[in-house]
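**Student:** Letter by letter, the chains look like this.
Protein chains: 2
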Amino acid sequence: MTHSDRILMGPGPCNPYPEVIEAFSRPVLGHLDPEFIPLLDETGQRLRQAFSTTNPLTFPVSGTGSAGMEAAFVNFIEPGDTVVVGVNGVFGGRMCDVAARSGAEVVRVDAPWGTAIDPEQLLDAHPDPKIIAVVHAETSTGVRNDIAQLGAAKGDALLLIDCVTSLGGIPVELDEWNVDIAYSGTQKCLGVPPGLAPLSVSATGVERIVERPQSWYLDLNMIAKYVTGGSARAYHHTAPISMIYALHAGLGVLLDEGLEASFDRHRSAGEALQRGLVDMGFELFAQEGHRLPELTTVVVPADRLPSGLDEAGVRRRLLDDYGIEIGGGLGEFAGKVWRIGLMGHTARQRNVTLLLGALTEIMATPA
Amino acid sequence: MTHSDRILMGPGPCNPYPEVIEAFSRPVLGHLDPEFIPLLDETGQRLRQAFSTTNPLTFPVSGTGSAGMEAAFVNFIEPGDTVVVGVNGVFGGRMCDVAARSGAEVVRVDAPWGTAIDPEQLLDAHPDPKIIAVVHAETSTGVRNDIAQLGAAKGDALLLIDCVTSLGGIPVELDEWNVDIAYSGTQKCLGVPPGLAPLSVSATGVERIVERPQSWYLDLNMIAKYVTGGSARAYHHTAPISMIYALHAGLGVLLDEGLEASFDRHRSAGEALQRGLVDMGFELFAQEGHRLPELTTVVVPADRLPSGLDEAGVRRRLLDDYGIEIGGGLGEFAGKVWRIGLMGHTARQRNVTLLLGALTEIMATPA
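Taken in order, these protein sequences are the chains called A and B. Once you know that position 323 of the first sequence is 323 in our numbering, the rest is easy, because the numbers rise by one and skip nothing. Once you know that position 355 of the second sequence is 355 in our numbering, the rest is easy, because the numbers rise by one and skip nothing.
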């Protein structure tokens, strides 16, 4: 089997930091080993820094980002609870599905894909929801939704946000924004392969964890006894040891660089890409002022594609001739947009230069 | 932070095969990359060989063994369904909890910890259960439960088995035993770090997957479109790429050695350990004839411990002075038994020799 070395400029995974891959080679320790517990604790501490929070219950869920989403809903919903969900892309839609399966009455607030959700509409959608949920960075559209206003005016509701594509790439301020429940994924701006879902729950959130969530695997009552158990750690499930090494190392790279420096790097790379695409005559898809630097969506120039190449053909040529992965559109935008990620280790000017050069060459292919 | 190189002789994780750690260094590919899909497919094919099945729906769940357990129940239960569960240890008890949270009426068949469950009792427990569930290799007690007789007489019920500690270490014959749903973990006899849960579902099982399981993350209807989707793979959640490399490599080591050879190696190591412990005057905990070679439980010789050392002290000395991890007891057997694993890469005579030598030295410590 061939196994190529790609430049991962899709919507995730990104290329991992070299230090992350090195961490995989560390000897496996048991999940109760006195040397593993401090490493797990330090991972939690590093996540707190990344999330800008002091929440004690901050740890990596043992699954990919969608497991984080499920943990974020299933632990807080009892049948019939009202959950307001903002939907302006695939992941907002997924939230509705996950919340409904947990027994929630979902009040859905839609905004057109490519635009941001108006916080006022979310706040006005229901007089007394248990949860208001929204995606911070919509991976399907490249749009950033505003969070701070929600936290300031949420009243008694819990504020739940999806930070899968934002954490490490743009500011995430859980405490300042008054967020109660947040989850992320490792394979985006943290520069780690997929496999874990960082989760953080505020003190108010912890008080409202239901007694017996329908998921055993994601039950925060039990998991908390392991991840925040002090000197007495109660075994719940076997932690994914090597993935935790990888996350620990990725967070180390992020914090050594500094959060602000990482945001700057993502911003300058994203802006350079977006400028370059516009200069090439492409149309950006996401609403100006709410564009994510780490994930750029661009309208496929259907009438300018080289003869014989459809949009998938362009992506395939990037992959085959240049070893570059970019993503296609999702849902109704399949075939209509490209999604170009600059996340984690991938968020560098050299990758912008490379992609713009490769796209220019492909677009100039003679018919 | 110190990070030692342990000999992992607890109940899991085991030491990974060196080839597995090498696999972690492979470049990350996207989950829809045309080079990743064949690797995922081959992982499924290798799992079929390990499980001795032709079940098309055979793949690694994106979570640790307990996520496999949850997937095994949550996809097949509708509220009020009857599930018969055999319980002779922690993991049978966990099955009851998981099944009940999925809405099942659980009929529990208990056997004393350390003994095997009588298949007749499971078959007689209810006239028409939807599922009969039992743990093949109880990690908490070191006992093997018989499966074949259940498959032969299960009638219309689905037979669900936990193979977390059996797969790769002792024969697992899904097709021959007429098993419908089986799950495992990577960190036991497969010689891979924890993080994935191999799962296999029979054709009959696939027909009975409920339309909308309460878990979105573990919904087999949607996951099947990704893992067995032929040329059109529908994205569900981002697969844990690097962990799949690791599993793929571990299964490669297992199949290169040969299943029978692996079983022989586990058997001879386990028998040597058990013989050695008896020769030292220790009492084995698990019922003779149902002892797992890969996980030995031994009664802590409370009256023969060196002065000043309790059972945890002995384990701590093994860890600190020899770098060897063994496990303590669970539940009511906490402090009363040790659990010694010889799984995957760890299942070798040299580790038996080492542990017996270390235990002999510790037990001879002057008061």
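Hints may be right or wrong, so weigh each one.
A pair holds if it fits inside one copy or across any two, identical chains being indistinguishable in the list.
Under the rule of at most 20 Å between Cα atoms (straight-line distance), these lysine to aspartate or glutamate pairs were calculated in the EDC-like manner [unchecked claim]:
#1 Lys225 / Asp81
#2 Lys225 / Glu42
#3 Lys225 / Asp97
#4 Lys225 / Glu332
#5 Lys225 / Asp41
#6 Lys336 / Glu288
#7 Lys336 / Asp156
Keep in mind the hints are simulated off the structure, nothing from the lab.
**Student:** With reference to the structure, classify each hint as holding or not holding.
**Tutor:** Quick rundown of the hints versus the structure:
no., hint, in the structure
1, Lys225 / Asp81, "neither (26 Å within a copy, 31 Å between copies)"
2, Lys225 / Glu42, "within (16 Å within a copy, 38 Å between copies)"
3, Lys225 / Asp97, "between (29 Å within a copy, 18 Å between copies)"
4, Lys225 / Glu332, "between (43 Å within a copy, 19 Å between copies)"
5, Lys225 / Asp41, "within (13 Å within a copy, 37 Å between copies)"
6, Lys336 / Glu288, "within (19 Å within a copy, 65 Å between copies)"
7, Lys336 / Asp156, "neither (41 Å within a copy, 48 Å between copies)"
When held up to the earlier numbered hints, the structure conflicts with 1, 7 and fits the remainder.
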